[in-house]
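Student: Spelled out from the first residue to the last, the chains are:
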Amino acid sequence: MTVTTFKLNLGPQHPSTHGVLRLILELEGEKILSCEPDVGYLHRGMEKMAEKMTCVQYLPTVDRIDYLAGFFYSELFIRNIEKGLHIEHSKKTKAIKVLLLELNRIASHLLWIGAFLMDLGATSPFFYAFREREMILRYFEKLTGQRMMYNYFTFGGVRRDIDYLEDVEDIIKILPSKLKDYERIITKNPIFISRTQGKGILDIKTAKNYAITGVNLRASGVNYDLRSFDELYRDIEFNPVIRNEGDSLSRYLARVEEISESIKIISQLLDYLKKAEPLKQNLINPLTMRLPEGEYYSEIEAPRGLASCYIKSTGDEKLYRLKWRTGSYYSVNLLRKLLVGNYLNDAIAIAGSLDIILPEVDK
Amino acid sequence: MNYNDFKTYFADAEVTEDKVIIKDRLHDTIEFLATKMPFDMLKEITAVDSGNGETEIIYHMYSDDGNEDLFVSTTVREEAETITDIFKSAIADENEIYDLFGVKFNGNENLKRIYMPEDWEGFPLRKDYVETDERLAWNNDSHNV
Amino acid sequence: MNWLYYWYIEFLSKYNIPQIVGDITFYVIPFCIIVAVLLIVVLILVLVERKLLGFFTQRKGPNRVGWWGLLQTLADAIKLLTKENITPKKADRFLFNLAPYLTFIPVVLALGIIPYCSEFTFVNTSTNAILYIILAAFPVLSIFLAGWASNNKYSLLGGMRNIAQVLSYELPISFVLLSIVVLASSMNLTGITLAQSTLLGGFGWFCIPCALGFVIMFICILAELNRCPFDLPEAESELICGYNTEYSGMRFAVFYLSEYSMLFANAIFLSILFLGGYLSPFGKYLSTYFLGDTVVGNILLYFEQVFWLFFKSGIIIFVIMWIRATFPRIAPYDLLKFSWKFLLPLSIINLFGIVIFKYIMGGAI
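Chains as they are written, first to last, in this note's numbering: chain A, 1 to 363; chain B, 1001 to 1145; chain C, 2001 to 2365.
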């Protein structure tokens, strides 16, 4: 008997590659022998643009690196610039930033839950997750005027004072009961368990070797949450979510737990923000702003892993070099190893569980 | 972190607070840091074009034992040693640097143009890069009719 | 059906056409009726499914074309019929074009042998039930044909999955059917229906002594219909659209049509085997109860029987759609394991149990 293998081109137009990821799979029947990811279909030259624009021109484009977590990248960029300008924030500015970042994290994780279940073939949770995400996006729209590309943070603070806090109150009041619903329809579903438990196991060593960060790393048992070391989160109590199994199920559960953790953070901030005095911040005039010569490096815990920004400046109004590090790029690289030996349907579920988003990969 | 051992092995390396600048023996340095010292994660590789045909490559290593970051910087022209046998994450980074800076990593067989089209000439993030490709003509001011 | 047959023969003899021609051509009439009714049923089913899925996921579903979106599926059907039929360049043209129609024919045949009411079975053979099982498994051939002829790897994988799936789920179905045959002492679907006819009404149906078999059969029918959670051959997130990835326009519409017709046929089959077919759940037909033995009562009786059959299969279809909104897709190897390691032994146990039950009860049922 001869065993024939064949190549399958998964993507770039495929319902479950979450955008334009292309995986060249070598299959034997439905078993995957090798996987070669091909990216770049969404490349916008984010790094080249930074060299051609001034910082203030570049600021709105930063949100577009990850359209599901725009606040994170603009905060990262601003933080890195502010590092060179030595700007201190008031307590209220910090609180506003953390509140919005965590809301954004919840929105991003919710969308992932829907998309992941869609990969597994369950359609309803997608709509449920979107329903909850919609509340958060409505709030963002009210506050910033935009649903996804906010451009709300600016050098030295935020564009306007926070408002409509009663909406946030509603959100964190409703969300926990919805999470219980998810548990009933998803987590206790035997088919869901059989599709995810023990599938795509990522051990600590591999995870570190492939530079996997964020929830995926924590689901493999490494306690590395950048929020623990972050200046913004200094006064906030929260527990990083750690799970030890490292399979798809643990990545799912870690994200769900992270949502409830974010709700806790938000509720801590709400009480303070409601009583806080009007916003005081020292905004910089972006037109005369010059970043002093030197190298700057900042990191942030984005929903899809560690995001970092490296800037080299020569004191000019344009940056000499800017480099983004995004979590998804390394998750895509991990697929080379993680998918091998699995069946096609599991491969989809495993790739989905890593939470890959393509604009982040292609930059 | 204690760098004494490191200094004895690599005498010509310049060690500052969080940055190590090395001239050669890149692969050995990274291997030493990864195996003999607890830097078991390579967060990213950054390349910066120095403008005179040289490219500075910064390896950002991390140890979650003590939450310590370390930048290893080296300067190369055209070619560099690959470290994909130590860190698999470097496959992605080296590919990106090859695509955008044109630095070839000897020993890495996976190098290909990932972001740019395969027939693209030049490496866009180099300082001497000139946009000559007609596919970008719409981008020029003279083209705005 | 006899009256229709005699009427047709008489009609032909008026024009001096020999009876043998009438015998052969007679079956065209009922199948024309089936296809016409089927089209309407499928249009309704598609709409109901979309409305139900909308309801389950807190959406409105189609509500623009016609009142309550009633004309939506009609508009979709017209759209599909007017679209271009694309045949891939390297596809096997003949088989590619043949496959959709090969799926549809067995469904129509299967619907022809079903007793809709006590006097309305188009083709009534003594082993209807076995014939139905054969016809219901037939589309797997054309689905594989479609997958193979498309010359598309996704289609091929879909076709292969479908064969593995149907082969392993046919066996439990046959064993459960055997237990029903033992209970009813008949292989005829009308006979099976009448065997459930007691004064107890709903309590005399076979879903009570053969409850285990009912559950097994229900699961197997989900698998045979490629319905969620067993929708592997057309798993959207894995195989794009499975075996009908390359189909468009009219041919896709035929696939769609036969899929929903099969759903309808299997729901009817299930309600005949376990839910008493056209029997009333109250033990007595409402029309005879209220109107007595009058002419109107006797005519309404047939409508009532059809209503009960459709009502029961409607409930089954509703549950199938409900499951679709709830469950994720099962993995192919889990699916095969589930059938061979769990359902098949269970269905054999069920058969033995039923045989013993029948032996103890003797002639009581």
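These aren't lab readings, by the way, just hints derived from the structure by calculation.
On a predicted model such as this, the values are computed, not experimentally measured, just so you know.
Treat each hint with caution, since some may be false.
Said to hold, decoys possible - EDC-like cross-link-like pairs, simulated, lysine to aspartate or glutamate; straight-line CA separation at most 16 Å:
#1 K173(A) with D235(A)
#2 K205(A) with D1018(B)
#3 K48(A) with E1131(B)
#4 K337(A) with E1056(B)
#5 K1104(B) with E1078(B)
#6 K205(A) with D1064(B)
#7 K1112(B) with D38(A)
#8 K1127(B) with E47(A)
#9 K264(A) with D235(A)
#10 K1112(B) with E36(A)
#11 K1112(B) with D1128(B)
#12 K312(A) with E1056(B)
#13 K199(A) with E2304(C)
Claimed, not checked - Listing some non-contacts, in silico: residues in chain B with all C-beta distances to chain A over 12 Å:
#14 N1002
#15 Y1062
#16 K1104
#17 E1121
#18 P1124
Each residue gets a CB set at the ideal place from its N, CA and C atoms; glycine is no exception.
Student: Under the constraints set out in the numbered hints, which ones does this structure not fulfil?
Tutor: Those not satisfied are hints 1, 2, 4, 11, 13, 15 and 18.
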